[in-house]
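Same order as they appear, the protein sequences are chains A and B. Using the numbering used here, the first residue of the first sequence is number 1, and each one after it goes up by one. Using the numbering used here, the first residue of the second sequence is number 1, and each one after it goes up by one.
Hint data in this document are derived by calculation from the structure and do not stem from the laboratory. Hints are not guaranteed to be accurate.
To be verified - When the alpha-carbon atoms are kept at most 25 Å apart in a straight line, the in silico DMTMM-like pairs for lysine to aspartate or glutamate are as follows:
1) B:Lys283 x A:Asp205
2) A:Lys270 x B:Glu188
3) B:Lys166 x A:Asp271
4) A:Lys280 x B:Asp137
5) B:Lys98 x B:Asp145
6) B:Lys175 x B:Glu375
7) A:Lys280 x B:Glu355
8) B:Lys175 x A:Asp281
9) A:Lys234 x B:Glu293
10) A:Lys301 x A:Glu261
11) A:Lys280 x B:Glu293
12) A:Lys234 x B:Asp137
Unchecked claim - Here chain A is said to cover these stretches of chain B; the calculated rule only asks that three of the stretch's residues, wherever they fall, bring their Cβ under 8 Å from a Cβ of chain A:
13) 163 to 174
14) 189 to 200
15) 292 to 302
16) 575 to 582
Said to hold, decoys possible - Pulled a few chain A residues facing chain B out of the computed Cβ check, cut under 8 Å:
17) Cys200
18) Ser207
19) Pro209
20) Glu263
21) Leu265
22) Val292
23) Leu319
24) Leu370
25) Arg372
All C-beta atoms, glycine included, are put in the ideal place defined by N, C-alpha and C.
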Amino acid sequence: MVKAVVGEESQLQLVEDRLSQSSAPAQVGLVIGKLSSGLDRGFVYDLVPTPQNDVGQSACSVLEPAKDNRKKGSNSKPKSQSSDSSSSLVIDKEWVAEHARQVSRMMVGGINVVGIYVWASEATFKNSTMVLCQTVKGVAEAASLLEDDLDERLLIHICYSPRRWTCRNCTLSSNITSSSLRPCDFKMGRVLTSLQTFKCFYNFDLSLPIYQEKASKSETLVDVLRNGISNYVKELRGAKAMIDGNLVVNDEICTTNGLHEIELLLPFMKDMYIEACSQKDVVGIVNFTGSVCSFSFLNSKESISQAVADIKDDIIRSLLSRLDIICDEADEDAGTNDDVIKETRNDSLSEKPVSQLVLHSLRKNCNLSLPRRVFVPWLAGFKRPLC
Amino acid sequence: MEKNNRSIRIECPKLLITRNESDLQWLIGSPFFPPLTIISTFRCIHSGSSSPDFLKESEEIRTLLLKGLDVIGALIVGKSDPQKTAVTAVEAARNLRKVLSGKTNLENEEIIGAVADPDTGDIRFFVSENERSANLDLVNSVSYDANPEKFLWESGCLLLCQLPVKLPVCFPVNKPSDVEGIFSRAIEAVIAKLKDPNVVYMVEASNKASLDVVQPVILRGADLDFDTTAPNIEPLDEAAHSSEQKLLPCGHFCLKSKSTPHLFSAKNADILQVSVLLNRSEKSPKRSAPAVEYFPAMEETRLLIVDFKLEVLCYAVQGIPLMHAISKLIIPGLIDQLISMKQTTLPNLLTQHPELHPYHFCPPGIAHPVTVIYELSYGETEMKQVDARRSLHMRLGLPFDRPLLRIANSLDFSIKGRSSTSSTRKGSSLLKDVHVGIPSSGVSGGIVSLVQGSYEYYHYLQDGFDDSGWGCAYRSLQTIISWFRLQHYSSVDVPSHREIQQSLVDIGDKDPAFIGSREWIGAIELSFVLDKLLGVSCKVINVRSGSELPEKCRELAFHFETQGTPIMIGGGVLAYTLLGVDYNEATGECAYLILDPHYTGSDDVKKIVNGGWCGWKKSVDSKGKSFFLQDKFYNLLLPQRPNMV
Chain A
1 MVKAVVGEES QLQLVEDRLS QSSAPAQVGL VIGKLSSGLD RGFVYDLVPT
51 PQNDVGQSAC SVLEPAKDNR KKGSNSKPKS QSSDSSSSLV IDKEWVAEHA
101 RQVSRMMVGG INVVGIYVWA SEATFKNSTM VLCQTVKGVA EAASLLEDDL
151 DERLLIHICY SPRRWTCRNC TLSSNITSSS LRPCDFKMGR VLTSLQTFKC
201 FYNFDLSLPI YQEKASKSET LVDVLRNGIS NYVKELRGAK AMIDGNLVVN
251 DEICTTNGLH EIELLLPFMK DMYIEACSQK DVVGIVNFTG SVCSFSFLNS
301 KESISQAVAD IKDDIIRSLL SRLDIICDEA DEDAGTNDDV IKETRNDSLS
351 EKPVSQLVLH SLRKNCNLSL PRRVFVPWLA GFKRPLC
Chain B
1 MEKNNRSIRI ECPKLLITRN ESDLQWLIGS PFFPPLTIIS TFRCIHSGSS
51 SPDFLKESEE IRTLLLKGLD VIGALIVGKS DPQKTAVTAV EAARNLRKVL
101 SGKTNLENEE IIGAVADPDT GDIRFFVSEN ERSANLDLVN SVSYDANPEK
151 FLWESGCLLL CQLPVKLPVC FPVNKPSDVE GIFSRAIEAV IAKLKDPNVV
201 YMVEASNKAS LDVVQPVILR GADLDFDTTA PNIEPLDEAA HSSEQKLLPC
251 GHFCLKSKST PHLFSAKNAD ILQVSVLLNR SEKSPKRSAP AVEYFPAMEE
301 TRLLIVDFKL EVLCYAVQGI PLMHAISKLI IPGLIDQLIS MKQTTLPNLL
351 TQHPELHPYH FCPPGIAHPV TVIYELSYGE TEMKQVDARR SLHMRLGLPF
401 DRPLLRIANS LDFSIKGRSS TSSTRKGSSL LKDVHVGIPS SGVSGGIVSL
451 VQGSYEYYHY LQDGFDDSGW GCAYRSLQTI ISWFRLQHYS SVDVPSHREI
501 QQSLVDIGDK DPAFIGSREW IGAIELSFVL DKLLGVSCKV INVRSGSELP
551 EKCRELAFHF ETQGTPIMIG GGVLAYTLLG VDYNEATGEC AYLILDPHYT
601 GSDDVKKIVN GGWCGWKKSV DSKGKSFFLQ DKFYNLLLPQ RPNMV
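With these hints in hand, go ahead and build the complete structure from the sequences.
So, in structure tokens, the structure goes:
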């Protein structure tokens, strides 16, 4: 349970300045940071406002009570800073969740979408706890942290009068009740400058057999890959690691500065992702190979094994994100894509992107290149990949 | 002819030599020992008409012999011209070495040729310096060592590498004959991969005490030296201690304080655990973004997954650098075992799926462990398995009535297994071998003959069952059955009183009303139950009076020497278990090691020994009191060791 949260003062000050200058009556966005179950602490690196949705609507607006024909500054004060005590927030929960999904793909190891923030008055906030909790839940589902997922996320409230930051801890497991939100200690400090950087190149080489069985008859290439990765996760989690050439044995704190190189050591030819079977008919084999460049960032008090866990998470998330992107593209514009081959079936021509091909009925070779990962500088020099 | 400074060193109290004319035995040594040091012999069990079947012999010995040990000569039992016989022995040993190593040029290796006289057992040793000269040198200086364990384990250690390998093999359904070639290529690929620069070998101590102190060491494949032409591994200079990981010696992981001599044995040896890993972060020029390629099967294809559980044990001395232990012992060991498993699997690859599992044994009389691969799909008592064990017993010179190579006897290398010495039975807290360490009998000049192997002490009131006054023979029987269990002759649970009664009713010896009663049983009933439950037959000795027992001492001593089972003493009075005799043949003085089932206290060795519940009893004690009563008869039940392996 996260009991104390530290926010990066340099970033959050900028956010506060930006918010106080904005004319929006309310704003919602994502909290980027890290929750550490080992330390019972949370770290907030930055806040990212959720943009307007596809039809140009703000993700968040204030709903004044219906009987609102009182003159009380409704025109003269659009910011409505002294807004009615009965006003509440309307949040486009799906849109915020979609924002979280897309942002989480751009994160690296040890940096996640860990909750939402909201800019609203005290009263409006109080009247909107239900919708806020629902939004937090939606965000948590869309951007789930992979390993040892904490059952909680942050809800940061920036109140405009009086100007004040408060942080609450939102429990995800139970139904939303008054006890879902628990206050936790929030303070500003310097966290970005003390982050340690870890880098890892990871080469993988999966051979995924496509079985003759009925169950696999409708599997598309993406299904096969996604299954392959999820079976592979266990193997990767169990991998041993070396940091700067030294085997990670004890849970130590990393004391040296600079970029640390992680090497992952996997069992020799004990491929667990191949299911143990005696003999099965196969229709083909999918080779999934390549390298992933991965980064992870560690707070000064965290142990190095956390850095290794974060790197592993990042590798898995990077691979899954690339598949998601391919699927999104396929959904958006099937037929106009470059990665299309013509599939001849029943003498009718149908065009499908490679990722959506059903391998069982495919009788020819096909190739698919996954999106590449590019890192761009972000906060305080640390990088963020653009997929 | 003889070179002055040459001597044969034999690291066992005596060489086990067969007495059959023209039998051949391989002499085992190690490249880490001084030249001409023999530590054991393996019998040659596959012979053609005139010479050994080198291929078959090499296959079996390659599996059996740990890496770090090798064949250094041969011995032939024969009466004819020793010089000529020795030449034959040397030739055979050279041939075997060539087949084992796969090298054809072994010119400059010293080989021992020994000749044993079948009648006297005298052995003459000759040495051949190289292949080209037919000259043999007789070596007269031969020394035997009474404590070979110390020699082997004082500076030696074991390396253990467990490596499960999964091999996927795709083959065309309508051409199943192709599978053998595909499978063989897959094996070749694994062998090549073991030497890949991206493979990483992790070495760690398996001993709990050292595990906390010594960090694991990583050795990269790229740093290893696979040059097969390189000379034998040399220990590191003591002085030249290097901090470089790859030059660390094996001794880095070994416990430093090994002062107590009884700790010198393969079971207590320092074990270095070696894991094979693949570095997935190695820089390679082929690094590229993730990509997918689909290969459809051009014809009907089937996927076969072959599972191998490799487990290799190697012997090394502590001065050997780790990197050499890996490249010259562990990797060749893995490769040999893989090939051996491949050869077993290949003939019936598609129809049978043998579960091959390597086990390591340290049978008595041999100071070093041996490795055996068993097929687990069948039970241990299947004829095929019994035959396999029988031929191993033959090769190692082990008796054919001791199940020494059953899986339960194998060395247990798990950390848990090595730290606990308590009873193997789940939840069992019974005391074992309570007679160990008790005061001597006081028979002057006597020869002690004892039960061979462990037993559990069963006595009155155990497990909360009140059998005081009637259950002593039942308890003695339980102790005897526990002995058969612990020697692995049987896996039958030790029966309760009720189960003992039930089996007596089952065979028709008693009426059904007997079950649940508190009736005594005697030696004869015990023999029935042993026959029914274990198939064990017994010899019975009757004496009309306790005063006749000393006359039977020689027979009892012979029983303990040859059978080694606990004896039950029944008869007119109380029942006891007899664990040994101390007998002076000249004076006739004797004492009996009695385990008394009438003890009702808690399982506390001190209490038991101090109370005399387990101890030596003279026929007539210092106060003139007889232990065995003159006016009572006694039946002695001598269970016979089953003739099985």
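The hints, checked one at a time:
no.	hint	in the structure
1	B:Lys283 x A:Asp205	holds, 15 Å
2	A:Lys270 x B:Glu188	holds, 16 Å
3	B:Lys166 x A:Asp271	holds, 7 Å
4	A:Lys280 x B:Asp137	violated, 63 Å
5	B:Lys98 x B:Asp145	violated, 29 Å
6	B:Lys175 x B:Glu375	violated, 28 Å
7	A:Lys280 x B:Glu355	holds, 19 Å
8	B:Lys175 x A:Asp281	holds, 14 Å
9	A:Lys234 x B:Glu293	holds, 23 Å
10	A:Lys301 x A:Glu261	holds, 19 Å
11	A:Lys280 x B:Glu293	holds, 21 Å
12	A:Lys234 x B:Asp137	violated, 63 Å
13	163 to 174	holds (count 8)
14	189 to 200	holds (count 5)
15	292 to 302	holds (count 9)
16	575 to 582	violated (count 0)
17	Cys200	holds, 6 Å
18	Ser207	holds, 7 Å
19	Pro209	holds, 5 Å
20	Glu263	holds, 4 Å
21	Leu265	holds, 4 Å
22	Val292	holds, 7 Å
23	Leu319	holds, 7 Å
24	Leu370	holds, 4 Å
25	Arg372	holds, 5 Å
When the structure is compared with the earlier hints, violations turn up for hints 4, 5, 6, 12 and 16 and for no others.
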